[in-house]
Amino acid sequence: MYKFLASLFMAALITATPIAAADEDELHISEPSKLDVGYLQQQRDLMGNLVASEYGRRFQMVKRNDLELLQRVIDDRLIAPGQTRELQAMGVVMGDLLAKEHDLHWVIYEDKIGRSRALRYRNTDTFVFPMTMIARRYEVGNTESVADIYARAEAAIQAGKPPLPYQQ
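Position 28 of the sequence shown, counting from 1, maps to 28 under the numbering used here, and the rest follow consecutively.
Since the hints were made in silico from the structure, they are not lab data.
Take the hints with a grain of salt, since some may be wrong.
Computed list of lysine to aspartate or glutamate pairs in EDC-like fashion (alpha-carbon distance at most 20 Å, straight line) [unchecked claim]:
| # | residue 1 | residue 2 |
| --- | --- | --- |
| 1 | K100 | D148 |
| 2 | K100 | D36 |
| 3 | K161 | D103 |
| 4 | K100 | E68 |
| 5 | K112 | E26 |
| 6 | K112 | D45 |
| 7 | K34 | E110 |
| 8 | K161 | E139 |
| 9 | K63 | D148 |
| 10 | K63 | E101 |
| 11 | K63 | E144 |
| 12 | K34 | D125 |
| 13 | K112 | D125 |
| 14 | K63 | E26 |
| 15 | K34 | D45 |
| 16 | K100 | D75 |
| 17 | K161 | E101 |
| 18 | K63 | D125 |
| 19 | K63 | D45 |
| 20 | K63 | D96 |
| 21 | K161 | D96 |
| 22 | K100 | E26 |
| 23 | K100 | E154 |
Please take these sequences and the hints and turn them into a complete structure.
Now the structure itself:
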């Protein structure tokens, strides 16, 4: 019985490894195309025009200012839960802040599920997906603040960064 279980365990271990490798092989990371860059800019412009017309203010790539404006858009219900494009535009603005503060850059992340715009830390395997961070929560009625969503994203980024040589 013991030999049977041991051989079953080894067979499972051997067959699991190629599956994991196959999943990794299905992951493709690339730089955004001109169309992607244009789309991200359209999203920034959409949010910029909205806050300018409603509040007479602009996003400034300053964390406190921009997170406050994003929260105000939600609090004032300028965007409804079903307006996915607009909610994702909020995520682009938040993503630009994350990129500025944490040395991230926009990439295209393609896996077996689909194609997404993501932020990547240098050339590591640390990715965050800010376009959907606000949208997915708001669409299901989650009232977590934009600042809290941002803080959780920062924590995930920090956890994924490799330690610096002098920190080991």
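_Of the numbered hints stated earlier in the document, which are not met by this structure?_
Of the numbered hints, 6, 8, 12, 14, 16, 18, 22 do not hold.
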